[in-house]
Amino acid sequence: MTQVLINAPKTAKKGEVIELKALILHVMETGFRPGTNGRIIPRNIIERFTASWNGAEIFRMDFSPAIAANPFVSFFAVASESGKISFRWTGDEGFAVEESVAIDVA
Amino acid sequence: MPGTKEGTTRRTFIVGAALVSVLPLASARATPEAMAAAIKEVVGDNAIREGRVTLDLPPLIENGNAVPLTVSVEGPMSEADHIKAIHVFNEKNPQPHVFDARLGPRNGKAVIGTRIKLGDSQKIVAIAETNKGEFFSASADVIVTLAACLEDLT
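For the protein sequence lines, the chains are A and B, in the order given.
Residue numbering for the first sequence follows the working numbering, starting at 1 and increasing by one per position.
Residue numbering for the second sequence follows the working numbering, starting at 1001 and increasing by one per position.
Among the clues, some could well be false.
As the list claims (entries may be wrong) - The calculated lysine-lysine pairs, modelled on DSS-like cross-linking and capped at a C-alpha distance of 30 Å, are:
1. K1040/B - K1123/B
2. K1109/B - K14/A
3. K1084/B - K21/A
4. K13/A - K1084/B
5. K1040/B - K1132/B
6. K1109/B - K1084/B
7. K84/A - K21/A
8. K1040/B - K84/A
9. K1040/B - K14/A
10. K1084/B - K14/A
11. K1040/B - K1109/B
12. K21/A - K1092/B
13. K21/A - K1132/B
14. K1040/B - K1092/B
15. K1040/B - K1084/B
16. K10/A - K84/A
FYI, nobody ran anything at the bench for these hints, they're computed from the structure.
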């Protein structure tokens, strides 16, 4: 089961710079650690995080295994128009999760 | 002599075992050189200047599994002049890359926060790239008392 936590304001003034925070539950297994049987645990990470505002990409981040488990990202965005902010995570083993929040820009 | 053959095999085995055990160790670590190579891949032959970038992370880290890190870059985020990308590198984790972020004028300000893993006490470098192709950097030295990636906690 995937769990996502998003922290974003519900309303903003037009042109205001707002902070967006996103956290997702994921092991971020590096592929460098041996497990209890002595074999290397295969890599399983999220490779890319993207954020879009009404469908237009505003932020993108490529992860490496050096990103901690349960990746957390915070960044800023200019409140341009009312609508939907979508967050998308994709990675190894076909991992793909998308979550959206609504925002009211006045 | 009956002992000769056995001795040779044992010696070969020991040399072989030593090679096998040394090789993966040597290749499974990023080095300052590997970091420099990874940075060169991003920056090319352009000059990297100090300043504008602030790299914020605790100087003493008790647990390398989740280290809070913030990169902030001063300056405008307009269509004509903005920060296009922020790259973070390390010198002693298994790989030199930490993350590559792409941003633009729609971000309003170039500030990114995340949490990273650190396998050892080392130097972290953040590089910001402007849309005009300039590069600015900042670095931080950290001491890690409990390294990440040592054991499977599950």
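Status of the hints after comparison with the structure:
1. K1040/B - K1123/B: OK: K1040/B and K1123/B at ~17 Å, within 30 Å.
2. K1109/B - K14/A: Holds. K1109/B to K14/A sits at ~15 Å (cutoff 30 Å).
3. K1084/B - K21/A: Given pair K1084/B, K21/A holds - Cα atoms ~20 Å apart, limit 30 Å.
4. K13/A - K1084/B: Distance of about 25 Å is within 30 Å: holds.
5. K1040/B - K1132/B: holds (18 Å)
6. K1109/B - K1084/B: At roughly 11 Å apart (the allowed maximum being 30 Å), K1084/B and K1109/B satisfy the hint.
7. K84/A - K21/A: Within the cut-off at roughly 15 Å; holds.
8. K1040/B - K84/A: With Cα atoms ~38 Å apart, K1040/B and K84/A exceed 30 Å; violated.
9. K1040/B - K14/A: violated (40 Å)
10. K1084/B - K14/A: Status holds; Cα separation ~23 Å.
11. K1040/B - K1109/B: Cα-Cα ~26 Å, so holds.
12. K21/A - K1092/B: Holds: K21/A and K1092/B sit about 28 Å apart, inside 30 Å.
13. K21/A - K1132/B: holds (28 Å)
14. K1040/B - K1092/B: holds (17 Å)
15. K1040/B - K1084/B: Satisfied, since the Cα-Cα distance of roughly 17 Å is no more than 30 Å.
16. K10/A - K84/A: Holds, at about 10 Å.
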